[in-house]
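Trainee: If you want the building blocks of each chain, they are given just below.
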Amino acid sequence: MVVSAGGVPVGAEHGTTRPGTRRDVLRGLLAPAVVVALAPVVAASRPSPPEPRPGEEAAFDETYRGRHIQGFRTVVTDDGHAFDGEQWQVTVDGRPLHLMRRADGSWLSMVDHYRSYPTPLDAARAAVDEMGPGEQLRDMAPGPMSGERMDMGGHIHMGGDHGVHA
Amino acid sequence: MAYTRKDVSTLTSAEKRRFVKAMLEVKRRGEYDEFVRTHIEYYTSDGEDGLRTAHMAPSFLPWHRRFLLELEKALRRVDSSVTVPYWDWTRERSKTAVPWTKDLLGGNGRPSDHQVTTGPFAYAHGNWTIKEGVTDGEFLTRDLGRARDPIALPTKDELESALAEPVYDTAPWDSTVTKGFRNRLEGWGTGRGSAAWRNHNRVHRWVGGAMLGGASVNDPVFWMHHAFIDLQWYRWQRRHRGARYLPADPPGAGDEQHERIVARHQKMPPWDVTPDSLEDVSRIYRYA
Chain A
183 MVVSAGGVPV GAEHGTTRPG TRRDVLRGLL APAVVVALAP VVAASRPSPP EPRPGEEAAF
243 DETYRGRHIQ GFRTVVTDDG HAFDGEQWQV TVDGRPLHLM RRADGSWLSM VDHYRSYPTP
303 LDAARAAVDE MGPGEQLRDM APGPMSGERM DMGGHIHMGG DHGVHA
Chain B
108 MAYTRKDVST LTSAEKRRFV KAMLEVKRRG EYDEFVRTHI EYYTSDGEDG LRTAHMAPSF
168 LPWHRRFLLE LEKALRRVDS SVTVPYWDWT RERSKTAVPW TKDLLGGNGR PSDHQVTTGP
228 FAYAHGNWTI KEGVTDGEFL TRDLGRARDP IALPTKDELE SALAEPVYDT APWDSTVTKG
288 FRNRLEGWGT GRGSAAWRNH NRVHRWVGGA MLGGASVNDP VFWMHHAFID LQWYRWQRRH
348 RGARYLPADP PGAGDEQHER IVARHQKMPP WDVTPDSLED VSRIYRYA
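For the protein sequence lines, the chains are A and B, in the order given. Be aware that the first sequence starts at 183, since it is given in this note's numbering, and climbs by one per residue. Be aware that the second sequence starts at 108, since it is given in this note's numbering, and climbs by one per residue.
Keep in mind that the hints were calculated from the coordinates and are not lab data. Glycine is no exception: its CB is placed at the ideal position from the N, C-alpha and C atoms. Treat each hint with caution, since some may be false.
Stated by the list, open to error - Sample of chain B residues facing chain A (criterion: CB under 7 Å; computed from the structure):
| hint | residue |
| --- | --- |
| 1 | Gly154 |
| 2 | His221 |
| 3 | Gly240 |
| 4 | Leu270 |
| 5 | Pro273 |
| 6 | Thr277 |
| 7 | Asp281 |
| 8 | Thr283 |
| 9 | Val284 |
| 10 | Ala303 |
| 11 | Asn308 |
| 12 | Gly320 |
| 13 | Gly321 |
| 14 | Thr381 |
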């Protein structure tokens, strides 16, 4: 998959890769048991990168409405072979912005969760549009995604198991 | 004995007071923030791997139905007379009328930072501090109608376009389907700009602030909005007699959606109840 410097994804991974490739990649990065709990927030689950890390390339770095937004695309390889998926680390003022991929290849952020945008950069700008003066992203991982079972007033346990049970 | 969920515009002063008091108590007990966390945790997008239950999936409706029932249980442990009222946004379209009144949810956020400063959920009262937010802001935020680029609430006609759909949902059972009641109601549109939001999604955008993000549950209007969405499922069933939740059977091993959605008789996390068991809840509550 080729991504332009402007962060425009060319070719949605969905439908062009075999099912499960994202998970396979994540397994290469994290222990499987951790993947189950953290997969949805992997993009946001580590400190912001001031510089691209090994395997990453800077895709955008700009000031938008007074906010510093950066996007790093992770170049993932699998046993030496190029992998055509894409992982993004996006930050606003150095704090991770959790992005999710939609089936049509577009992106939505944790800040603006009920519509999607063509590129990670568009999603990051839209998130900034919604943030108030002085307001900063909160690092939500691993707290909400910990899979920890908490007692809801003694009546129900939520969280934890995401599997389908027939 | 079934209880009744009422139109929020018909609540008496006493009913509003009791609803607010029960909400604040559920928050004080620490139970409310667990609802916020659960909603964040179960938001899996359809371009990601994994089981989708709450959004971009057929179980959008039963998942939120059960979610509301859990909140309602928590409220009724505080005050057994309380139920979740519904906000009919096809009728109540003003930014200053119900439910945005001082005796209920409070009004719009102020222009500078969208902070809600009126009503019982205003930060200054100390009873509604945001603990599970997307940002570090501790106060509830709203931007009713999106001041910088105004957007309207969904119309009656837009809602009707969902209710008119004869089929509950259809393959590939995600945010890209253009037919079927579920996504017409959930509101994942195609294209850019204003057309990107419909019905359920559009209301989240119209309220703005906390309601726009993954932690939308932080705004108590979340429940009134979802009670109205839940009412549409009931209305749709009444209109299309015999129409059921779909898919009836899980997608097969070769299907892209295999193990990514909940079929009618499969158990839906985190409660392990089936959509089938939530299609008729008339023994629990009804709508007035």
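Trainee: Look at each hint and say if it fits the structure.
Mentor: Taking the hints in turn, this is what the structure says about them:
1. Gly154: 3 Å, holds
2. His221: Holds, about 6 Å.
3. Gly240: Holds: closest Cβ of chain A sits about 6 Å from glycine 240(B), inside 7 Å.
4. Leu270: 20 Å, violated
5. Pro273: Where the cut-off is 7 Å and the nearest Cβ of chain A is about 24 Å from proline 273(B), the hint is violated.
6. Thr277: 14 Å, violated
7. Asp281: 5 Å, holds
8. Thr283: 5 Å, holds
9. Val284: 10 Å, violated
10. Ala303: At about 4 Å, which falls below the 7 Å cut-off, the nearest Cβ of chain A leaves the hint on alanine 303(B) intact, so it holds.
11. Asn308: 4 Å, holds
12. Gly320: 5 Å, holds
13. Gly321: Check passed: Cβ of glycine 321(B) comes within 4 Å of chain A, closer than 7 Å.
14. Thr381: 10 Å, violated
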